[in-house]
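Undergrad: These are the residues of each chain, in order.
Number of protein chains: 2
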Amino acid sequence: MTTVRYCVNGKLVSGIAPTNRGFAYGDGVFRTMRLLNGELQDWPLHYQTLVADCSKIQIVCPSAELLMQEFKYFLASASEEDTQFSIIKIIITRGEGARGYAPPAVSEPTRVLIQSPLPDYPPEMYTHGVALYTCQTRLAHQPLLAGIKHLNRLENVLARAELKDPRFFDGLLRDYDDNVIEAVSGNLFIRKDGMVRTPPLDSCGVAGVMRQKILDWYKTQGQPVVIAPLSMGDLLQADAMIIVNSVYGVLQVSHIDDQPITTNHWAKELRPQLHYVTH
Amino acid sequence: MTTVRYCVNGKLVSGIAPTNRGFAYGDGVFRTMRLLNGELQDWPLHYQTLVADCSKIQIVCPSAELLMQEFKYFLASASEEDTQFSIIKIIITRGEGARGYAPPAVSEPTRVLIQSPLPDYPPEMYTHGVALYTCQTRLAHQPLLAGIKHLNRLENVLARAELKDPRFFDGLLRDYDDNVIEAVSGNLFIRKDGMVRTPPLDSCGVAGVMRQKILDWYKTQGQPVVIAPLSMGDLLQADAMIIVNSVYGVLQVSHIDDQPITTNHWAKELRPQLHYVTH
Chain C
1 MTTVRYCVNG KLVSGIAPTN RGFAYGDGVF RTMRLLNGEL QDWPLHYQTL VADCSKIQIV
61 CPSAELLMQE FKYFLASASE EDTQFSIIKI IITRGEGARG YAPPAVSEPT RVLIQSPLPD
121 YPPEMYTHGV ALYTCQTRLA HQPLLAGIKH LNRLENVLAR AELKDPRFFD GLLRDYDDNV
181 IEAVSGNLFI RKDGMVRTPP LDSCGVAGVM RQKILDWYKT QGQPVVIAPL SMGDLLQADA
241 MIIVNSVYGV LQVSHIDDQP ITTNHWAKEL RPQLHYVTH
Chain L
1 MTTVRYCVNG KLVSGIAPTN RGFAYGDGVF RTMRLLNGEL QDWPLHYQTL VADCSKIQIV
61 CPSAELLMQE FKYFLASASE EDTQFSIIKI IITRGEGARG YAPPAVSEPT RVLIQSPLPD
121 YPPEMYTHGV ALYTCQTRLA HQPLLAGIKH LNRLENVLAR AELKDPRFFD GLLRDYDDNV
181 IEAVSGNLFI RKDGMVRTPP LDSCGVAGVM RQKILDWYKT QGQPVVIAPL SMGDLLQADA
241 MIIVNSVYGV LQVSHIDDQP ITTNHWAKEL RPQLHYVTH
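So the protein lines, in turn, are chains C and L. For the first sequence, position 17 (counting from the first letter as 1) is numbered 17 according to our numbering, and the numbering increases by one without interruption. For the second sequence, position 278 (counting from the first letter as 1) is numbered 278 according to our numbering, and the numbering increases by one without interruption.
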């Protein structure tokens with residue numbers, strides 16, 4: 001796949017109106033997932049988070065039936081190769097609006113589907129882990145928007161722009177109280193003395209679907225993940241650390257800046273449990 | 001004017017690509033201004049703030065020449081009535097991008113011009129003032145983005161959605177430390193014992209062009225505005241209060257929730273000093 005394709009409100013059109021509230025105010029939410037052999041991986045969980053996120057900003061999420069109908073129509077025009085392996089991003093916005101912040105009394109949410117090529121990840125990423133850079137950009141505390149994968153992502157953009165050195169795969173994001181919250185493009189977990197820990201996301205950060213899958217899996221194992229604040233010290237002294245999202249799956253962290261982190265088989269053992277196919 | 005018109009990158013097209021970073025991440029800035037007899041009111045100051053805002057998020061603002069050229073082309077297709085009185089919103093985004101937060105190494109910023117009708121404000125608004133509602137939605141502290149009129153405006157959307165009672169013209173926004181910062185759609189000033197005060201915008205809020213004009217005007221009068229934190233108590237005990245933006249100009253505040261605020265001729269006296277034409 002060389003080009004990016006999109007579908008807006010069930011049509012293969014080339015654009016959205018500049019008065020769409022997604023463009024005007026970032027007034028919407030999104031999720032990114034893998035398309036694998038014609039199936040959206042973890043679609044039920046992705047749809048559930050879209051509904052929950054929309055609800056938190058008072059958007060009525062389109063029905064799963066409508067989204068699936070539009071997705072199937074979109075997929076019908078995809079090449080066989082792209083149907084087997086690619087990335088699908090779903091954006092839901094509050095829809096069209098007049099000038100001004102007031103949400104329109106009646107609005108039909110806009111549905112956008114974007115199909116992109118699967119990134120060409122080097123296989124060593126899955127075997128040797130990845131290095132993270134500690135970003136200077138900090139996350140603000142905004143409990144009203146915390147956890148939601150909304151379209152107001154300037155903090156992530158500024159943080160990602162800090163990564164100039166190609167040795168680093170992603171950045172580490174902290175809040176202004178020096179708590180580590182997440183990676184720029186995913187969530188993080190550490191293991192210490194047999195216990196798995198991940199930061200709370202009630203003040204900032206995005207609660208990813210892969211994070212939820214991992215929380216759910218450990219729960220079924222009778223070993224629930226401890227959700228508690230993490231400091232940089234906790235990360236550096238961890239027995240192991242992983243970053244996770246719905247595109248790259250689970251990756252072991254090998255370095256934070258220039259400091260090596262113990263790497264073991266945590267990510268490798270976890271992937272099959274999550275039914276995550278790397279390639 | 002009954003419809004909203006737009007111009008994208010100098011063309012009268014109907015849409016922007018869903019991969020535009022303005023849509024994907026709110027990765028851009030905007031300003032809204034009055035079009036009066038073919039002239040953009042306070043354009044030099046608006047352009048200066050566009051350049052400064054772009055710079056803070058590492059976007060290279062298009063030249064004033066290019067924006068003016070595209071504006072003139074856009075205006076050529078407007079009706080005479082719309083050329084005399086309307087609203088122009090200028091949006092600058094980082095441009096097109098691939099999937100992922102990383103800003104593209106090379107990108108041409110997208111320029112969007114939107115023309116909308118001037119709101120049909122009741123004349124009493126200018127003579128009797130307006131009532132404000134104290135929003136429950138609070139502004140997060142994010143010094144990296146404070147003051148910038150960027151496209152990440154979900155806080156304003158949530159705050160504006162609180163205003164259900166038509167008695168209220170706008171909402172009052174506070175931060176999580178109970179400081180009053182701004183109105184949802186404008187900045188605010190109070191007068192107390194002959195001194196004019198306005199809140200600092202170094203942690204949150206948008207620094208509007210009308211606010212800047214007022215700061216500049218008081219400076220030329222040898223009476224500089226005091227920029228210092230304001231509490232709800234300061235507002236309720238003020239001798240007078242105004243809210244300001246580039247669309248409605250300067251409005252006296254007559255009530256905060258159910259509490260009356262002294263109204264005098266402050267707004268009426270200030271308008272001609274700012275060369276602001278109400279209708």
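Honestly, the hints are just simulated from the structure, not real lab data. For each residue, glycine too, the CB sits at the ideal point set by N, CA and C. Careful, some of the hints might be misleading.
[Said to hold, decoys possible] Cβ-Cβ distance ranges computed for the label pairs, FRET-style:
1) M68(L) - P272(C): 22 to 28 Å
2) L144(C) - N9(L): 46 to 52 Å
3) S77(C) - M68(L): 36 to 42 Å
4) N37(C) - M232(L): 32 to 38 Å
5) Q237(C) - V226(L): 58 to 64 Å
[Unchecked claim] Subject to a maximum C-alpha distance of 27 Å in a straight line, what follows is the list of computed BS3-like cross-link-like pairs (lysine-lysine):
6) K56(C) - K164(L)
7) K149(C) - K149(L)
8) K149(C) - K72(L)
9) K149(L) - K11(L)
10) K56(L) - K164(C)
11) K56(C) - K11(L)
12) K192(L) - K164(L)
13) K11(L) - K11(C)
14) K164(L) - K213(L)
[Unchecked claim] Some but not every residue of chain L turned toward chain C, in silico, with C-beta under 10 Å:
15) V4
16) G26
17) L113
Undergrad: The structure should be examined with respect to each hint, and the outcome stated for every one.
TA: Verification of the supplied hints:
{"no.": "1", "hint": "M68(L) - P272(C): 22 to 28 Å", "result": "violated, 60 Å"}
{"no.": "2", "hint": "L144(C) - N9(L): 46 to 52 Å", "result": "violated, 34 Å"}
{"no.": "3", "hint": "S77(C) - M68(L): 36 to 42 Å", "result": "holds, 41 Å"}
{"no.": "4", "hint": "N37(C) - M232(L): 32 to 38 Å", "result": "violated, 58 Å"}
{"no.": "5", "hint": "Q237(C) - V226(L): 58 to 64 Å", "result": "violated, 48 Å"}
{"no.": "6", "hint": "K56(C) - K164(L)", "result": "holds, 18 Å"}
{"no.": "7", "hint": "K149(C) - K149(L)", "result": "holds, 21 Å"}
{"no.": "8", "hint": "K149(C) - K72(L)", "result": "violated, 39 Å"}
{"no.": "9", "hint": "K149(L) - K11(L)", "result": "holds, 24 Å"}
{"no.": "10", "hint": "K56(L) - K164(C)", "result": "holds, 18 Å"}
{"no.": "11", "hint": "K56(C) - K11(L)", "result": "violated, 37 Å"}
{"no.": "12", "hint": "K192(L) - K164(L)", "result": "violated, 31 Å"}
{"no.": "13", "hint": "K11(L) - K11(C)", "result": "holds, 22 Å"}
{"no.": "14", "hint": "K164(L) - K213(L)", "result": "violated, 31 Å"}
{"no.": "15", "hint": "V4", "result": "holds, 6 Å"}
{"no.": "16", "hint": "G26", "result": "holds, 3 Å"}
{"no.": "17", "hint": "L113", "result": "holds, 9 Å"}
In the structure shown, a violation is registered for the earlier hints numbered 1, 2, 4, 5, 8, 11, 12 and 14, in ascending order.
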